[in-house]
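Protein sequences, first through last, are from chains A and B. Sequence positions in the first sequence follow this note's numbering and run 1 to 367. Sequence positions in the second sequence follow this note's numbering and run 1001 to 1175.
It is possible that some hints are incorrect.
To be verified - Quick partial rundown of chain B residues pointing at chain A, CB under 8 Å, derived from the structure:
| no. | residue |
| --- | --- |
| 1 | L1006 |
| 2 | I1012 |
| 3 | Y1103 |
| 4 | K1105 |
| 5 | N1108 |
Unchecked claim - To be clear about the criterion: a stretch of chain A counts as covered by chain B if any three or more of its residues have a C-beta under 8 Å from a C-beta of chain B, and this derived list gives those stretches:
| no. | region |
| --- | --- |
| 6 | 16-22 |
| 7 | 135-147 |
| 8 | 180-193 |
| 9 | 309-316 |
Hint data in this document are derived by calculation from the structure and do not stem from the laboratory. No residue lacks a Cβ here, since even glycine has one placed at the ideal position from N, Cα and C.
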Amino acid sequence: MLRTQEYFLNFGPQHPSTHGVFQIILTLDGERIVKAEPVCGYLHRGIEKLAESRTYTQVIPYTDRMDYLAAMLQNLGYVQAVEKLMGIEVPERAEYLRIISGELSRLASHLLATGVYALDIGGFTGFLLCFRERERVMDLLEELTGSRMTLSYARIGGVADDAPEGWLDKVKKLMDDMPGYIDEYNGLITGNEIFQARTKFVGQLTPETAINYSLSGPVLRASGVNYDLRKVRPYGIYDRFDFEVPLGENGDCFDRFYCRVREMQQSVRIIQQAIEQIKEVDGPVIAKVPKVLKPPKSDVYHEIESAKGIIGYYVVSDGSNKPYRVHVRRPSFINLGYLDEMLRGYLIADVVAILGSIDIVLGEVDC
Amino acid sequence: MFGQGLIKGLQITWKEFWAKKFTVQYPEEQHPVPERFHGKFVLDVDKCIACGLCANACPNKVITIEKQKVGKKQYMTGYIMNIQYCLFCGLCVESCNKDALHYSKDFNMNQYFYRDIPLVLVKREAPAEPEEEEQPAAKAEARPKAKPQAKAEKPAEPAANSEVAAGKVPGKEGE
Chain A
1 MLRTQEYFLN FGPQHPSTHG VFQIILTLDG ERIVKAEPVC GYLHRGIEKL AESRTYTQVI
61 PYTDRMDYLA AMLQNLGYVQ AVEKLMGIEV PERAEYLRII SGELSRLASH LLATGVYALD
121 IGGFTGFLLC FRERERVMDL LEELTGSRMT LSYARIGGVA DDAPEGWLDK VKKLMDDMPG
181 YIDEYNGLIT GNEIFQARTK FVGQLTPETA INYSLSGPVL RASGVNYDLR KVRPYGIYDR
241 FDFEVPLGEN GDCFDRFYCR VREMQQSVRI IQQAIEQIKE VDGPVIAKVP KVLKPPKSDV
301 YHEIESAKGI IGYYVVSDGS NKPYRVHVRR PSFINLGYLD EMLRGYLIAD VVAILGSIDI
361 VLGEVDC
Chain B
1001 MFGQGLIKGL QITWKEFWAK KFTVQYPEEQ HPVPERFHGK FVLDVDKCIA CGLCANACPN
1061 KVITIEKQKV GKKQYMTGYI MNIQYCLFCG LCVESCNKDA LHYSKDFNMN QYFYRDIPLV
1121 LVKREAPAEP EEEEQPAAKA EARPKAKPQA KAEKPAEPAA NSEVAAGKVP GKEGE
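In isolation and in its complexed conformation, chain B is listed as follows (with noise of 0.2 Å):
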């Protein structure tokens, strides 16, 4: 008979209108954030040692290490993400050999304005140098010469280095 079908329809319809809701009223409730959730990127400073794995294994080249050399070690001046470019696919992540690189649940990275996107982990000027590492350094013959131009420029490098930043990260370190 023509109409059945359509009543079974409105039959599952009524049925379902008592059934449970599993719509969430999103802004006031929210659904639970699995734990490997690809979210905003942090990083684990201490851990991390600026080898550059992450950045070599990212497909789009989001991550950029900036370094300076204090003494005799590389010294991470800046870890940024330019998030808007990222695939999240977690093989930065994966690649970290000293786990410093994680996901954190938080899925909210909008921003007003395009330059506030880019994702600064870490923004931190050079430590001065330490003085034993210095005797060290002056037995060779062209360090020396390095190092007072190395000092020198350190005023001017954090000037240099938010020139740089100034298109993706100003006031970026309050947050």
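Here chain A stands alone, though its shape is the one from the complex (with noise of 0.2 Å):
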């Protein structure tokens, strides 16, 4: 009797597409997938442990390693949960320039996830036009830090250094320039029609399944869910721009590359306010904080919106200057957990689509 057999293929971790190095064992019968079992941990370099034996300072340069790709919304969620922990206020100027600099960041990362998502959907000139313009704003970034991604631009109390002289007009510069680059991605890229039919209805995801697995960011906003945690719980000053979340309806691949790009839009207009913003703040843009610091015996958990989704900080405070445990609920790692069933069913080549559209960095994933 004629029957097939069910074979095993890698998936990396040496593999472009998997935008870094990870694996996916995938079971497969012809071309459809039975089974996809994720391997990471190649990356892993035990931030969470190195931390315990780091300074509260100390720790802020470890966190950029996670999500390199928006940095400072990294350092900010970890410094914000250490703010939280001692009671720290921030002054105003600081406020902004995080707002600033934090949402360039996701401008940044959604740039990279947009690229190299036509990328791996084929399109060579749609990667090419993305990079143009993170290198417009990792420019930026450097001038403001002094590093392009690794930023470690947020200190306890405040930011490392105001922004300097003409920096801000030239922000400026760029958010004016930015829609119109966003229209050159949504001509070249979300209209292709190529793209639409390697994306539409592929990977679908159910809201209800989004929440039960508790996947967060554009992974859930694209499935219909209105979920971001800058307007259901503003931390910072985030409670004082006007934006949208934008949501998907389908939940399939190409809504959550099509939310990514409307978020950049947001992200423009949070900074274009920001900037009109800050110009009548004047003062420092670091609180007065002890040098040492030694926060009460006590743990805090914080979480804000990043680039991928919800990250969150648990910090465990002992009384002593060194953390006693900070654990990190890191988007990407949480949103790859539906991966398997996400890619049941599919061909081989929807598996870079679909992994692409979850937008994972392994920095993240394997911590």
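Quick one: dock chain against chain with the hints and give me the complex.
Structure representation (structure tokens):
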């Protein structure tokens, strides 16, 4: 009697479309995926363990190394957690600088996600255009912080330094150009029929499953769940800005991609408002905090909306100058949890499309 | 109509084909490096008092400060950064009270050999002890005994230092 036989295929860890060192062991029946087993840990550095032997300030550079594509947001989550633990008030100007650099980071991350997704599907031009603007964003961040990716800009109680002269004007200029660029991406990538054929109704995710699997970020919102921490529980000064939360309808790869593109537009709006408002705010950029930080014996959980989803920091203090434990809820890792079921039944070629649409970064998955 | 999106995409590509080029032919041309760039470290040796705040601020224990007592003062004989472990976070530069440690715009820190990687900012021998400082020191009883020893060690010490540093920094002083 004729019957088909299942076989294994290793996807990664050295495959450019895994966006890093990530392995999926695929069980295939012909070209259909029967089972997908994600294997992570190739980039594990033990950041949570390292944090135990560092002082509170010294943990900041390690948070960069998780989601290195949106480093400022990782910094921000951690420092806000420690500030919450110690009850530190952050100066106004620092809050605005945090918002601007954080949203620039989100923009850089989404630009990369958009461009690389085009590349995954097979469009090289879209990738290059997105990287051109990402380069401009990173140039601005470099001017502000001194580093291009691992910024280490946030400090407990504020930010490292004030914006250099003329920097805000340069940001404003980029933000004025940005809507035109986003139109270009829409024309080149979003409107492309081949791209739509590859992504629409592929890897669909229902709102219920998204919530049950604790997914967050654009992956959740593409399924139509309106949950953005910046709106739901505004942290910092996000309640002062007027922006929308883009939502998807079908929860497929295309919606996840398009959600990011529209989020870029909202980020641009937030930065434009912040630049307008920061002009009237003057003063210090860092609060008066003691050199040796010794938070009281307690614990705190703080979460913010990172580029990939909700990043949460759980910081436990034992009263000494070093954190007893820093645990991080990494959105990329948790968003990967549904990968197996999402891939089942689709073709091999869809693996790249589905994995790319989740937008993982391996530094964060493996921590 | 199917294909309209493709045509629109091609139009954008065609437009971009004539647009200004953003790429830089790297070794010949270079992007301007911003003022705050986190590049190679420079130490203002005259300002540095070898307090060790930077070494303590470092998350990765990159900075090693060697010091020796000359008379009553601490004299810095070595300031070595194991730059391969550096995160370039800027905490050391921020911690400096005397404004002695800085970043430069130089980002080229490549080396052919592993032993050449550590960044040696200071490597020098302690000066001979000044004459006038010996007399107050002589008042203390334990001191005079320690002194000749220290003097005797002096020729030996740089040798010992270079031995320690042999794995790290031979021939780096010439740079």
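Each hint, compared with the structure:
| no. | hint | result |
| --- | --- | --- |
| 1 | L1006 | holds (6 Å) |
| 2 | I1012 | holds (5 Å) |
| 3 | Y1103 | holds (7 Å) |
| 4 | K1105 | violated (10 Å) |
| 5 | N1108 | violated (16 Å) |
| 6 | 16-22 | violated (count 0) |
| 7 | 135-147 | holds (count 8) |
| 8 | 180-193 | holds (count 7) |
| 9 | 309-316 | violated (count 0) |
Checked against the numbered hints above, the structure violates hints 4, 5, 6 and 9; every other hint is satisfied.
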